[in-house]
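Peer 1: One gets my numbering by counting positions in the sequence shown from 1 and adding 118 to each.
For the record, the hints were derived by calculation from the structure and aren't laboratory data. Just so you know, not all the hints are guaranteed correct.
[To be verified] Straight-line C-alpha distance at most 27 Å; calculated BS3-like pairs for lysine-lysine:
no. : residue 1 : residue 2
1   : 296       : 356
2   : 213       : 192
3   : 145       : 130
4   : 345       : 332
5   : 192       : 229
6   : 128       : 332
7   : 356       : 294
Remember, it's a predicted structure, so these values are computed and weren't measured experimentally.
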Amino acid sequence: MLHIVNFFPKLKEAPSLFVEQNGEHEKIEISGKKVMSFSSLKACTGYGGRDGQLTCMNRAINTRQCPTCSYLDKSRAFTVGDFSLYPELYEECKKQEYSIYVAGFGQDIKKCGITRKERLLERWVEQGADFAAEIGVFLGPDEVYSVEEMVQNQFGLSNAVRVDSKMRRLEFDYGKAKLGFEQMLASIVESGLLSENAGENKVREMREYYPDVKGASASEEINGEVKGAKGQLLFYEKNGKKFVVNMRDKISRYVEE
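Could you put together the complete structure from these sequences and hints?
Peer 2: This is the structure:
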């Protein structure tokens, strides 16, 4: 069976699954008519290393990623700025620009995050943001993580947003949500907290990148015509009805076709 390691929404393209079978990894596009169910069993996805994705040496089950693989995963260098296991990545990243951004989900959830500037739009799409704005730009990773935490604390912004919370906010008052996001962005700009490293500070409306999500019912399987993704939420239609699948929940499970 195919073991799901990750799910990738893409810019105006069909989403894909990153899967493993017998130690080999590949990407599978999810488009057109699909019938796909998922196991209740979870197994550790392994970790990203210098030579690509590696399988879990502990063969851990009932977990998305075991503590060992989480520690070894090179993604830590980008998510928390820990380059201790991959110092060569630090040498590369200190030459790159990092963006601090704010993102809005529905009418009431707002978060502050970091990504490399070249991935900014891609990152917003990966998260399924409804609104987003770059608020700061820094060269290298040395300062950006502490500034991110400062912004989060000062303006009451989340560090991460659960996918099930995003699913509950697929339908909302768009006008009120946009106004609230604009007001939040204005308060950050007026604070002067990032004046020396200011980003673009313009609201980006993201709905052009997503399928029509209105009226979608939750589903635990894919069984119909795939319409696209909004972050980790996959949408399909069957018999004129819309359905949404939380693909974050499917990571570490097995495909049962």
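Peer 1: Which of the listed hints are broken here?
Peer 2: 1, 7
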